[in-house]
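**Student:** One-letter residues, chain by chain:
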Amino acid sequence: MREVPAVTENGVRLTDEQVRRRRSRSIAIALVLAGLVAIFYVITIVKLGGNVALRSF
Amino acid sequence: MTSVDISRGFGPAPASEAISLAAPADYFALLKPRVMSLVVFTALTGMVLAPGGIHPVIGFVALLAIAVGAGASGALNMWYDADIDARMSRTRERPVPAGRVAAAEALSFGLVLSLGSTIVLGIATNWVAAGLLAFTIFFYAVIYTMWLKRRTPQNIVIGGAAGALPPVVGWAAVTGGIAIEPLVLFLIIFLWTPPHFWALALFRSDDYARAGVPMLPNVAGVAATKRQICIYSVLLAISGLLPTVMGFASIYYGIGAAVLGLGVILDARWVLRMRDDDPKMASARRLFGSSILYLFLIFALLLIDRSAQSVGLIG
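Going down the list, the protein sequences come from chains F and L. With positions in the first sequence counted from 1, the corresponding number in our numbering is that position plus 1266. With positions in the second sequence counted from 1, the corresponding number in our numbering is that position plus 2.
No wet-lab data here; the hints were simulated from the structure.
Cβ-to-Cβ under 7 Å is the rule here; a few derived chain F residues that face chain L: (1) Gln1284; (2) Ser1290; (3) Ile1305.
A few chain L positions that, by computed beta-carbon distances, are all more than 10 Å from chain F: (4) Leu150; (5) Lys151; (6) Val221; (7) Ala222; (8) Ile240; (9) Leu243; (10) Ile257.
Note that the structure is a prediction, hence the values are computed from the model and not measured. The C-beta atom is built at its ideal place from N, Cα and C for all residues, glycine as well.
Can you make the complete structure from the sequences, with help from the hints?
**Tutor:** Right, here's the structure in full:
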């Protein structure tokens, strides 16, 4: 069955190519965001090192 | 002077143009990946030569931030220079002049990455390195691209400082400061830039003339450019010896740098002997290629030399 072309909020009907490229951009943004989360997580762990165990409760 | 219509990127676009056909590869191309690879390599050399150490993960993040910062300045350059890029055969297929990425998208992409890379470098290492990275981006995007490039044939001489700063940023990421050693690396890249880009300007002078960019061959003539290339090549070869002279590289590096420097001087001499109206400018093309190889090999030699010293292979 043929996929119905996506329609933007402005009523513009996207071509298959536009939909495909938009999807690839969205995936790229998701990967970059996931990479940023990983970077901040790793930086935090490396900078804290063993000091996290010295925290007083 | 040519100016860029900044407003075109901000105004409402017709519905047919508002739907972007840009692929992730187009945004990656905005970062000038080939320049970015040289930046990563020279920054890595600055980090390796720096005294003390850096956690490998933090070092990797620092290199990534420096690379993205350099890429961001490339995106800002492509945003501002879209009008002249469209008139040059070498650059007309770049994402903005080719119409794959809107000017405003390139601008916001560059600004977001500039801010993000500076913050990440500051958090991961220190704010001296982050400040230097921000200054590098500012120097390339504003001082070189917006101010010098269209105004003076000394554009790439002064603007070359931006490309020369990455090893200083890398050194600062490890030490939190600046010393004479990274400034020597800065000097090598700074003196490398004019002969490299003037060689390109010699065989692309029609392109630059069409775009109205006052490169040296178009303003001072081919003969004067060839002389300047020779002078800077000799200075470059001498600066390549400084790491050994100043004691932070071994004599083996010095021998290698002397051989490479001699090669660059000989290539520059071929350029000097080339006829001014040579249609192919083969010697200039050769120098353009060999200068890239020179810079890569000089920094590779420095890396190998320091690695050999640290494992005790050489004193």
